[in-house]
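As given, the protein sequences belong to chains A and B, one line each in that order. The first sequence begins at 857 in this note's numbering and counts up by one. The second sequence begins at 47 in this note's numbering and counts up by one.
Think of the hints as simulated: they come from the structure by calculation, not from any bench. Possibly wrong hints are sitting among the right ones.
[Claimed, not checked] Interface residues of chain B toward chain A, partial, derived using beta-carbon atoms under 8 Å:
(1) 72
(2) 76
(3) 84
(4) 85
(5) 89
(6) 278
(7) 318
[Said to hold, decoys possible] Quick list of in silico lysine-lysine cross-link-like pairs, BS3-like style, CA-CA up to 27 Å:
(8) 1120/A <-> 1209/A
(9) 1180/A <-> 85/B
(10) 343/B <-> 1194/A
(11) 345/B <-> 1194/A
(12) 85/B <-> 1194/A
(13) 1194/A <-> 117/B
(14) 1234/A <-> 89/B
(15) 1005/A <-> 953/A
(16) 1194/A <-> 89/B
Please read these numbers as outputs of a predicted model, since none were measured by experiment. Every residue gets a Cβ at the ideal spot worked out from N, C-alpha and C, and that includes glycine.
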Amino acid sequence: MTELDRTGDRSPVPADWTYAPAPESRDIVRLRERYGLFVGGEWLEPSETYETISPASEEPLAIVAQATAEDVDRAVGAAREAFANGWSSLPGSERAKYLFRIARILQERAREFAVLESLNGGKPIKESRDVDLPLAAAHFFYYAGWADKLEYAFPNRRPKPVGVAGQIIPWNFPLLMLAWKIAPALACGNTVVLKPAETTPLTALLFCDVLRQAELPAGVVNIVTGDGRTGAALVEHEGVDKIAFTGSTEVGKAIQRQLAGSGKKLTLELGGKAANIVFDDCALDQAVEGIVNGIYFNQGHVCCAGSRLFVQESICEPVVDKLKRRLETLRVGDPLDKNTDVGAINSAMQLEKIRELVDSGREEGAEIYQPPCRLPEKGYWFAPTVFTNVAQSYRIAQEEIFGPVLSVLTFRTPEEAVEKANNTPYGLSAGVWTEKGSRILWMAQQLRAGVVWANTYNRFDPTSPFGGYKESGFGREGGLHGLEPYLRFDE
Amino acid sequence: MAQAPALPAGFELPLEPRLPRIGSVDAVALEERAASLAKRSIKRESKVFALELAIRTTDLTTLEGADTPGKVAALCSKAMRPDPSDPSIPRCAAICVYPNLVPTARERLEGSGVHVAAVATGFPSGQYPTHIKVADVRSAVELGADEIDMVIDRGAFLSGRYAKVYDEVVRVKEACGDIRLKVILETGELGTYDNVRRATLLAIAGGADFVKTSTGKISPAATLPVALCMLEAIRDVHAETGRRVGFKAAGGIRQAKQAVQHLVLVHETLGAEWLTPELYRLGASSLLNDILMQLRKEKTGVYQGPDYFTLD
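Chain A with its partners taken away, still in its complex shape (with noise of 0.2 Å):
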């Protein structure tokens, strides 16, 4: 902070204003030094064990379960169980009174829980706290809704659950997916054998504690970490009637051959190397806020981040000093404090990947430009980066980072911009910016996208379906649609 010369006529320029640390406070959170299995809503002691981390500090937060094909055996028996016993059987009136009571914990215990997701994932608070939070909380909302209105949905067609769901999920955001995942196969009447991802296990582990607290049946939702092995053995289980997995295209294909042949049914959501595109009649400031939003949010670990940024030729030289102009000012550090933008890389693991594939952008030959910003010490961190100059044949614009990592290309005509941004081989989603409406109706009518977005990015809300073209997967969920893969339908 300079020191003002008040007496002074001209008040003197300072040399910034430095934000002091605003923190939100951990206290709130209350970790448990070990953290078992949660099975028949009971906790088991694991036989296998590995520590999570934060992130942003590469400090301790607790041992938790490995868990064994033993163990998921027992989990699957349990859900097995607990849908026999009655769940399934449960009129869908009391299973909404469940989920919108799970819905009310979450909204009541919201800063436990985004305190907890920012320490363990390393994402900013402010993300946590007015993303990821209500919008889990909307999700059981929107979904206990459903409950007791399945006949409606589909009409004449008899719906009835699946039975036995098996469930993995990501590391970007945690409890969001758990509540994408677990919210419809409850209201389809389903039960659950849930895997949170291996680096963020923690808020799943204290969603147990909200299950306990809306005295959800024993078995109805077991939750069990570990890493891949845990994975694949869920994969394999006979007793699972159905998988949804949420994560890399690698891990998806190597999921689909398992399963083929098996008559479980299969949702996947995998990567996505989206394509924002800007043209010259757009709203110029609100887009460049648009494309921040859409590669830096959440550290780009976001599977529809808005990678590749196709620019109209004729406004690239603005849109990009605006684009560098803001970088400046987006604030990376601490995902604690309630000021941070960018947070911690998810694990040294991503890190390694960014980095690797960042380097390869620089021989391939592209543009590099990053803001100057002080990264912490420990931890792992990537400073935000754009690319300028970089061709539809490199590797940056063609394989998925899943970082802070943004490709800039351009484009001359409307055509031009939907063959390119067509020619990958995912199908996530997309961006337009225009202010004319015929030109996004067009666009989303061209672009082989689950989702387009239209002057706005990284939007999600629980009634709007979500998922992949190509090798970003099949299966929506969200809406509607996304009770269809937790239903069987007898005709």
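On the provided structure of chain A, position chain B as indicated by the hints.
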């Protein structure tokens, strides 16, 4: 706010060779960005800095038919020394009054460094012939004002007579000479952010040293999205031409918290360079006491009742 109709053909911004394109403003995204900046958490020393800056950039204002020399003299004393019990509190930037009260303020503020701003051009409506407006400005200058706050002709603007709005700004600027000219857009009457942006660029093209949101007579006045919209236009002008135009938020800012939010908006849109009374002003009256209360709380750790701060 709704989206504005397209600009009539032939609408060109004159004067500067390379003013930014007028473009458009997306209301939803603008309001979202303003709301997200309003959530910045400003604490401890950074809060004290902001509160003191708010005082240093305040145009302490009284614009009532009932204004008297006595009332204005009291306000002048307040502007020079906002908190008599704490000499470390900085003075305000200016006093803002009707032209008739300029001599009183002038006399009282002599040598204090606090400027005297006069509203003119048929404030607050601006519904007067141009020559009256220019005469109004001339007389305010003769009476000793060292800053002029003019209003644009919203009737002309809203009926698409942009040239009239522009010409008036040019003529008032001529009448001001070297004196700082603030152009009030009265954004509460413009209806859309697109209009706010156009009017901002129009005023800047006409020669405004400052663009100002409102008269304080109309609600809504200086909302955060309106301020952001105008700041972004100022940023574009600076990027294109290098010219630094000031910004004044006036009307509806009553609490210290709002003032800090406005300062955050400027800081993160235009940078620290704009955080000076030369380029930034807050037009307010009741705001000052709330700032003083907050400052004393930061310094002593406890709040004091309103009776410990003077009402002027």
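Item to check | Straight-line alpha-carbon gap residue 1194/A to residue 89/B, limit 27 Å | outcome: holds (11 Å)
Checklist entry - Are residue 1005/A and residue 953/A close enough, with their CA atoms no more than 27 Å apart? => result holds (13 Å)
Checklist entry - Taking only the CA atoms, is the gap from residue 1180/A to residue 85/B under or equal to 27 Å? => result holds (23 Å)
Item to check | Holds or violated: residue 345/B to residue 1194/A, with C-alpha atoms at most 27 Å apart | outcome: Cα-Cα ~23 Å, so holds.
Checklist entry - Straight-line Cα separation of residue 85/B and residue 1194/A no greater than 27 Å? => result With Cα atoms ~8 Å apart, residue 85/B and residue 1194/A stay inside 27 Å; holds.
Checklist entry - Does residue 84/B meet its interface restraint, that is, does its C-beta lie within less than 8 Å of any C-beta in chain A? => result violated (12 Å)
Next on the checklist: Does residue 76/B hold up as a contact with chain A if the rule is Cβ-Cβ below 8 Å?
Outcome noted: Hint holds; residue 76/B Cβ to chain A Cβ min 6 Å, cut 8 Å.
Next on the checklist: Hint validation: residue 72/B versus chain A, beta carbon distance must be below 8 Å. Holds or violated?
Outcome noted: holds (4 Å)
Checklist entry - Within 27 Å, alpha carbon to alpha carbon, are residue 343/B and residue 1194/A? => result Roughly 22 Å separates the two Cα atoms, so the pair holds.
Checklist entry - How about residue 318/B: closest beta carbon in chain A under 8 Å, or not? => result holds (5 Å)
Checklist entry - Once the shortest beta carbon distance from residue 278/B to chain A is found, is it less than 8 Å? => result holds (5 Å)
Next on the checklist: For the restraint on residue 85/B, tell me whether the closest CB of chain A is nearer than 8 Å.
Outcome noted: At 7 Å from the nearest chain A Cβ, residue 85/B passes the 8 Å test, so the hint holds.
This entry does not satisfy hints 3, 8 and 13, going by the numbered hints stated previously.
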